[in-house]
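S.K.: Based on these hints, arrange chain B on the given structure of chain A.
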Amino acid sequence: MFRQQMKPAGVYAGVSSLLQQASRGGISNYLGGMRASDLLHPRPEGLYCPPGDFFIDPVRPVNRALITHGHSDHARSGHRSVLATRQTLDIMGLRYGEGFAGTTQAAALGETIALNGVTATFHPAGHVLGSAQIAVEHQGRRIVASGDYKRQKDATCEPFEPIKCDVFITEATFGLPVFRHPPDSEEIARLLKSAAQFPERSHLVGAYALGKAQRLMRLLRDAGYDRPIYIHGALAKLSDYYQSQGIDLGTLEPATVESGARQDFAGAIVIGPPSAFADRWARRFPDPISCFASGWMRIRQRAKQGGVELPLIISDHADWDELTATIKETGAEEIWVTHGREEALVRWCELEGIAARPLHLVGYEDEGD
Amino acid sequence: MNRFAELLDRLVLTPSRNGKLTLLTDYFRSVEDPDRGLALAAITGDLSIAAVKPAMLRTLVIERMDPVLFGYSYDYVGDLAETVSLVWPQPPGDIPNRSPTLAEVVAKLQAASRSDGPKVLAGLLDSASISARFAIIKLVTGGLRIGVSARLAKQALADLGQVDVAEIEELWHGLTPPYAGLFAWLEGKAERPERTALALFRPVMLSNAVGDGDLEKLDPADYAAEWKWDGIRVQAVCDGGVRRLYSRTGDDVSGAFPDLAEAMDFSAALDGELLVGDPQATGTFSDLQQRLNRKSVTPKIQQQYPAFMRCYDVLQIGDEDLRVLPFRERRGRLESFVKTLDPSRFDLSPLVEFADWTTLEELRSAPPHPIIEGVMLKRWDSPYLAGRPKGPWFKWKRDPHTVDAVLMYAQRGHGKRSSFYSDYTFGVWSGPEGAEELVPVGKAYFGFTDEELKQIDKYVRDNTVERFGPVRSVRADRRQGLVLEVAFEGLNRSTRHKSGVAMRFPRISRLRWDKPAAEADRIETLQALLDS
Numbered sequence: 062m063f064r065q066q067m068k069p070a071g072v073y074a075g076v077s078s079l080l081q082q083a084s085r086g087g088i089s090n091y092l093g094g095m096r097a098s099d100l101l102h103p104r105p106e107g108l109y110c111p112p113g114d115f116f117i118d119p120v121r122p123v124n125r126a127l128i129t130h131g132h133s134d135h136a137r138s139g140h141r142s143v144l145a146t147r148q149t150l151d152i153m154g155l156r157y158g159e160g161f162a163g164t165t166q167a168a169a170l171g172e173t174i175a176l177n178g179v180t181a182t183f184h185p186a187g188h189v190l191g192s193a194q195i196a197v198e199h200q201g202r203r204i205v206a207s208g209d210y211k212r213q214k215d216a217t218c219e220p221f222e223p224i225k226c227d228v229f230i231t232e233a234t235f236g237l238p239v240f241r242h243p244p245d246s247e248e249i250a251r252l253l254k255s256a257a258q259f260p261e262r263s264h265l266v267g268a269y270a271l272g273k274a275q276r277l278m279r280l281l282r283d284a285g286y287d288r289p290i291y292i293h294g295a296l297a298k299l300s301d302y303y304q305s306q307g308i309d310l311g312t313l314e315p316a317t318v319e320s321g322a323r324q325d326f327a328g329a330i331v332i333g334p335p336s337a338f339a340d341r342w343a344r345r346f347p348d349p350i351s352c353f354a355s356g357w358m359r360i361r362q363r364a365k366q367g368g369v370e371l372p373l374i375i376s377d378h379a380d381w382d383e384l385t386a387t388i389k390e391t392g393a394e395e396i397w398v399t400h401g402r403e404e405a406l407v408r409w410c411e412l413e414g415i416a417a418r419p420l421h422l423v424g425y426e427d428e429g430d
Numbered sequence: 319m320n321r322f323a324e325l326l327d328r329l330v331l332t333p334s335r336n337g338k339l340t341l342l343t344d345y346f347r348s349v350e351d352p353d354r355g356l357a358l359a360a361i362t363g364d365l366s367i368a369a370v371k372p373a374m375l376r377t378l379v380i381e382r383m384d385p386v387l388f389g390y391s392y393d394y395v396g397d398l399a400e401t402v403s404l405v406w407p408q409p410p411g412d413i414p415n416r417s418p419t420l421a422e423v424v425a426k427l428q429a430a431s432r433s434d435g436p437k438v439l440a441g442l443l444d445s446a447s448i449s450a451r452f453a454i455i456k457l458v459t460g461g462l463r464i465g466v467s468a469r470l471a472k473q474a475l476a477d478l479g480q481v482d483v484a485e486i487e488e489l490w491h492g493l494t495p496p497y498a499g500l501f502a503w504l505e506g507k508a509e510r511p512e513r514t515a516l517a518l519f520r521p522v523m524l525s526n527a528v529g530d531g532d533l534e535k536l537d538p539a540d541y542a543a544e545w546k547w548d549g550i551r552v553q554a555v556c557d558g559g560v561r562r563l564y565s566r567t568g569d570d571v572s573g574a575f576p577d578l579a580e581a582m583d584f585s586a587a588l589d590g591e592l593l594v595g596d597p598q599a600t601g602t603f604s605d606l607q608q609r610l611n612r613k614s615v616t617p618k619i620q621q622q623y624p625a626f627m628r629c630y631d632v633l634q635i636g637d638e639d640l641r642v643l644p645f646r647e648r649r650g651r652l653e654s655f656v657k658t659l660d661p662s663r664f665d666l667s668p669l670v671e672f673a674d675w676t677t678l679e680e681l682r683s684a685p686p687h688p689i690i691e692g693v694m695l696k697r698w699d700s701p702y703l704a705g706r707p708k709g710p711w712f713k714w715k716r717d718p719h720t721v722d723a724v725l726m727y728a729q730r731g732h733g734k735r736s737s738f739y740s741d742y743t744f745g746v747w748s749g750p751e752g753a754e755e756l757v758p759v760g761k762a763y764f765g766f767t768d769e770e771l772k773q774i775d776k777y778v779r780d781n782t783v784e785r786f787g788p789v790r791s792v793r794a795d796r797r798q799g800l801v802l803e804v805a806f807e808g809l810n811r812s813t814r815h816k817s818g819v820a821m822r823f824p825r826i827s828r829l830r831w832d833k834p835a836a837e838a839d840r841i842e843t844l845q846a847l848l849d850s
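Protein chains in written order, with the working numbering: chain A, 62 to 430; chain B, 319 to 850.
Just chain A, same shape as in the assembly (with noise of 0.2 Å):
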């Protein structure tokens, strides 16, 4: 439904022109005698580190992955061992069922994880349940791979922590000083002052099954909202997961025909998929008014071009500020910039005297919010 344009198909794109630049000498940080290149490097797996010899977030089956959060682009099955925190590994298994993987083992956060002499350490980003930053060290240097994170305020997942890095990987999904996400109260107060004016229409609200969905319910409830949320079945066991870990979410019910008549759901909040909402499933509504819950929804026409009313700009990504209020507080002498709009941020950093460059890793989705 949001699709923008596709990445080029061509996979290894990144990777050789990566290596042409450390040819070049273009990458100009040496950690104690190696370069960060030979610590972590891009391949068409993911990232790799040759010393300790694991990927992070792999896109395809590996011997050894460390997974930074369950978002299905990030945490793929069929590799034969993960280490990722005990929530990550727990969302894996209720997406891919128990054998997603050879061997699992939980990485508790701020822990030291010794991996053949090198050492890894998770620490939260702030994207989702049980997301985390990985910091890998080596010979006294220190490279943190962000996963994906952001910086507002979540009471579904645990805050981001800024860690003092060499090289800080960063995403930039809204990498652009265009995006600039507002505070989610306000976002949530709109949606509720909508469903006010509108009392005999349906809110019917696309939000990802993984975090964003969760995170609109407790902001809901944080606002005082206390009539059932009717939510789509695609949501129903990770909505549970969240509830299971403490996260109270309040009184969920399936929107389902068989659960209410149509009439039922006047006034009524649904929550949903956003690709269920093209679909014939969204007709048991009446009369509904879209919405959908995304950073993207700060561009107008976006939100035009999907066919959404009532957009609500809502992000589990780190805005603008956000990212570069980041890079500065980790102090990086050198950044690495993935998945998203690298261009603006490498010249960002340019322009902050800090040195930076475009990770071309493949196969991430940046529409993933």
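Check before you lean on any hint, since a few could be wrong.
[Said to hold, decoys possible] Listed next, the stretches of chain A that the computed footprint assigns to chain B, with coverage defined by at least 3 CB atoms under 8 Å from CB atoms of chain B:
id	stretch
1	121-128
2	165-174
3	205-219
4	251-260
5	356-365
[Stated by the list, open to error] Pair ranges (Cβ atoms, derived):
id	chain 1	residue 1	chain 2	residue 2	range
6	B	R513	A	G328	40 to 46 Å
7	A	D301	B	G787	48 to 54 Å
8	A	G414	B	S812	37 to 43 Å
9	B	R510	A	G285	37 to 43 Å
The set of hints was computed from the structure by calculation and includes no laboratory data. Idealized CB from N, CA, C, for every residue including glycine.
M.R.: Frame of chain A, contents of chain B only:
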């Protein structure tokens, strides 16, 4: 300012008329004076603020941020006002604890001189939130483009005060922003504002379409018949030296027709049709189009396409309000009054003689001029009533044209139709035999039943070729395609459409599941209609 900005944001994305009305009435109810009145003026186009050029806006933002980053941003967003509103850097340390009100913004903009305009604008942008910045930029660059007509805004006022919209229209031209007296009346806190201005608009009388079986119940002797002219309904009002030409919704269109306004040297209110040409040789609708949607008009265009008024009613002469008189008497007064006017600018809409409905039916089907779109029936004894009373006036239109076209694209609808593909773009064949291709000729989103909508929706889903956001292209070639019989009122030449034609009032009249796509009509069929 934030509430106004929020209103604009919601209106632009709300497609349904009722939804817009709810948003507008809620805004007028909850926002205080003078902000709500200024918002109303901004929407109806009655707020005057010195304009700022887009180039100036760009200069202001480039002074404040890296041009390369601005370039990336503008490329991505595509809209200058929106890009600037998003990237505008908040001045460091100086975060205002409150946003300016709309009244403060308007006052500052109106007080700004040409030279300090950009500085004033920059100061306002510094103090505003993102969506307020967008609204401010829209105010200064002109044109809100939110899909709300002045008429719709007046309807929202009528809803607010539970009065007829005709009452608002009648008062409107005597009022000025911020309309405090109007709001006070609508909220029951004050008397209705006095009609003190000269040459005010009088709400027009509208007709109902002749429905099945309507005529059988009526006596032909009770009714006068006239041709129904396909021009623009206008009201010419002259009063104490003030001359105004109003559209049927009470918008002042005098500026677009200075040639006609020039000839309005009388003291009366006339109702009629604005046409182009001269009374002896009436122009076609295409000619008329040359004069439409223009704020001002060159002497050359005025000469080439002179405007005149074909009068069919008189509402006032001097101080005498004639609206209470029966049509028969008004007609008599009109006939003698029109004789006193400039014959190149005013003539009388002739009555059509008929004895029975069958005779009139024959006349209706073969009108003597292409710009006639049917006949009007007016009850001899009816007074002039605002609105659309059922009974006194009927319109009996010529049957529409139809064409068999092939469904090419379908777009998802909104609200009740949000999960249905309900807006259809259709095309006809063009090109040489053996290499025919479809060329789009129009778009329609009504005319079908709910059951038919379900069937077309299924067809679209089953025959999708490509998806572009909410739009799907549908398989449409010589061997397969859904043929739609499309009814329309007329065709205009269009340089904006590849086919060169634009349909007026197209709607789906029938689904031709039985008809092979290859047998749909060709573009030449439509072109022939254009030349007639």
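S.K.: Of the hints stated earlier, which fail here?
M.R.: Numbers 1, 2, 3, 7, 8 - these are the hints that the structure violates, sorted from lowest upward.
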